[in-house]
Amino acid sequence: MGFHVSRRGFLKGWLLLIGAVLAKGILDFMTSETQGTVPDKDIFIDTVQLAEGSVMLGQKKVVWLVRDEQGYYALDRRCTHLGCSVRWQEEQRQFICPCHNSRYDLRGNIISGPAPSRLVPVKLSRDKNGNLIADRKVVVDPGWRLTITG
Amino acid sequence: MGGARGRGFRDFIKHIHPPKVANSTAGVLPTLCLGGLSFFFFLLLLVTGLLLMLFYQPGSPAVAYDSLTVIQDVVAFGWFVRSVHKWAGQAMVFTVVLHLVRVVVTGAYRPPREFNWVIGVLLLLFTVLLDFTGYLLIGDATARHALKVAHALAGEVPLAGFALQLVLFGGPPDADLAGVRVYLWHCMLLPLLVAVFSFWHFYRVRKDGGVKWPL
Ligand code: HEM
Ligand code: FES
Chain X
4 MGFHVSRRGF LKGWLLLIGA VLAKGILDFM TSETQGTVPD KDIFIDTVQL
54 AEGSVMLGQK KVVWLVRDEQ GYYALDRRCT HLGCSVRWQE EQRQFICPCH
104 NSRYDLRGNI ISGPAPSRLV PVKLSRDKNG NLIADRKVVV DPGWRLTITG
Chain D
90 MGGARGRGFR DFIKHIHPPK VANSTAGVLP TLCLGGLSFF FFLLLLVTGL
140 LLMLFYQPGS PAVAYDSLTV IQDVVAFGWF VRSVHKWAGQ AMVFTVVLHL
190 VRVVVTGAYR PPREFNWVIG VLLLLFTVLL DFTGYLLIGD ATARHALKVA
240 HALAGEVPLA GFALQLVLFG GPPDADLAGV RVYLWHCMLL PLLVAVFSFW
290 HFYRVRKDGG VKWPL
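Chains X and D, in that order, are what the protein sequence lines are. According to our numbering, the stretch in the first sequence is residues 4 to 153, in order. According to our numbering, the stretch in the second sequence is residues 90 to 304, in order.
By construction, these hints were calculated from the structure, which means they are not laboratory data. Just so it is clear, CB atoms sit at the ideal spot from N, CA and C, and this is done for glycine as well. Please note: incorrect hints may appear among the correct ones.
Below, simulated DSS-like cross-link-like pairs (lysine-lysine); rule was C-alpha separation at most 27 Å, straight line [to be verified]:
1. X:K64 / D:K175
2. X:K64 / X:K126
3. X:K126 / X:K44
4. X:K27 / X:K15
5. X:K131 / X:K15
6. D:K175 / X:K27
Rough simulated footprint, nothing fancy, chain X against chain D, three-plus residues with beta-carbon under 8 Å [what the hints assert, rightly or not]:
7. 139-148
8. 188-196
Model the full assembly from the supplied sequences, consistent with the hints where possible.
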């Protein structure tokens, strides 16, 4: 006879596995670092890999970074209706708000929905490590771009 | 040890966990286990609710709303814990109501169980209040308006209206204290009431002769 597992052992194994997964999830939840408020700054790493016409969510998940033909720009993730976090929907190529279905295009302009105004473009800069930093406290012109040369 | 207190405790355990259960009621069909399901959802809400409390910031609606955004988008599995809490909350109201319907349909509210019926109705009341206060905690425009409506309704109660407003909301509906007070009701007082009344409810089930079929 080869390898034998009793019914009890089998159940115990599953219970242990489920318990371990749950414990890991709860531990990750409890040790999340949040600064206690929605952060103002967001950070983007490895942005050179971002293709033209694509988007990237910041590590703090509060700002969308977009790259187009002219360069990079950052959009505050908060929907201008009631502040839910908009998601990027690749099939439709739109930012869609999960709360009341406001829709914005790649530039952040309103396509439809209860939102009263466009997504807010915010300041983007490059730190000494080459990472991009967005600051939601500083609003910029919609046509503003960060260009990276060399 | 022992004495009256020790005996009371042993008596309680024996009723909660009796050595014998009638065969006719050991299956799931007579009751659909709706009461047990309700309590299961309550335990799930207790665990997920405690986790949410780690990051939820009561008080000003704007701050509360922002802290929920953080839970949703920054905290690991926060979106999941929040969803489970929300849906278990809806499910609990649903199963408690169905449990009540089952008790009516099978006539289980009749003597000697009439007292447990009263406890059950109170449990339904607490459950609905928990669901409603949870919805007030979100701090969006809907929640702010709902809080105002609830505050005004409480004020309509004859004689005790103003006192009730003070106890439930701590004062005017748009003050930050109202948010803190609703938080206290949702996360402390009401769960405590549900816990105490649930155990009393389960104890009475046995005390009144257990689940009997046909009723
Ligand atoms: C037993 C202990 C409980 C604790 C400690 C607790 C704690 C919390 C906290 C901190 C929140 C705010 C987070 C959020 O809105 O997602 C919340 C929300 C909520 N709670 Fe509870 N809760 C408990 C039980 C219940 C029960 C029994 C119900 C329903 C019967 C309930 C229904 C809700 C609802 C509907 C929300 C709003 C969910 C949402 O849409 O975000 N809770 N609870
Ligand atoms: S919050 Fe985005 S549509 Fe309402």
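Against the structure, the hints come out as follows:
A hinted pair counts as satisfied when its Cα atoms are at most 27 Å apart, and X:K64 with D:K175 qualifies at roughly 22 Å. A C-alpha spacing of about 16 Å is found between X:K64 and X:K126, which places the hinted pair at or below 27 Å, so the restraint holds. Our distance criterion of 27 Å between C-alpha atoms is met by X:K126 and X:K44, whose separation comes to about 10 Å. For a cut-off of 27 Å, the pair hint linking X:K27 to X:K15 stands: about 18 Å separates their Cα positions.
Only pairs whose Cα atoms come within 27 Å are accepted, and X:K131 paired with X:K15 is rejected, the gap being roughly 52 Å. Of the supplied pair hints, the one linking D:K175 and X:K27 holds, its CA atoms being roughly 22 Å apart against a limit of 27 Å. Proximity of the segment 139-148 of chain D to chain X, defined as three or more residues with a beta carbon under 8 Å from a beta carbon of that chain, is established by the 4 residues found. Residues of the segment 188-196 of chain D with a Cβ under 8 Å from some Cβ of chain X number 0, which does not satisfy the need for three, so the listed coverage is violated.
In terms of the numbered hints stated before, the structure departs from hints 5, 8, listed from lowest to highest.
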